[in-house]
Amino acid sequence: MKKYTFLADYKGGTYISQYSADNLKEALFLWGSNLALEYFKEKREKEGFGTN
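Using the UniProt record's numbering, read the sequence shown as starting at 1 and increasing by one per residue.
Among these hints, one or two may not hold up.
No more than 30 Å apart at the CA atoms, straight line, and that leaves these computed lysine-lysine pairs for DSSO-like [said to hold, decoys possible]:
no.	residue 1	residue 2
1	Lys25	Lys2
2	Lys3	Lys25
3	Lys25	Lys11
If you're looking for bench data, these hints aren't it; they were derived computationally from the structure.
Produce the complete structure using the sequences and hints provided.
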């Protein structure tokens, strides 16, 4: 397995995550599955996305 590191700059903070996976696609899935989506939901609702 390889180790993949993800960096995200969001709302003034820098977030770093590492995942072990066989390939990048698997690592991206793991990273996305562990995102705290409640932080993104608030912004989407304010901008009118997904309110149709």
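Checked against the structure, which of the hints given earlier come out wrong?
No hint contradicted; all consistent.
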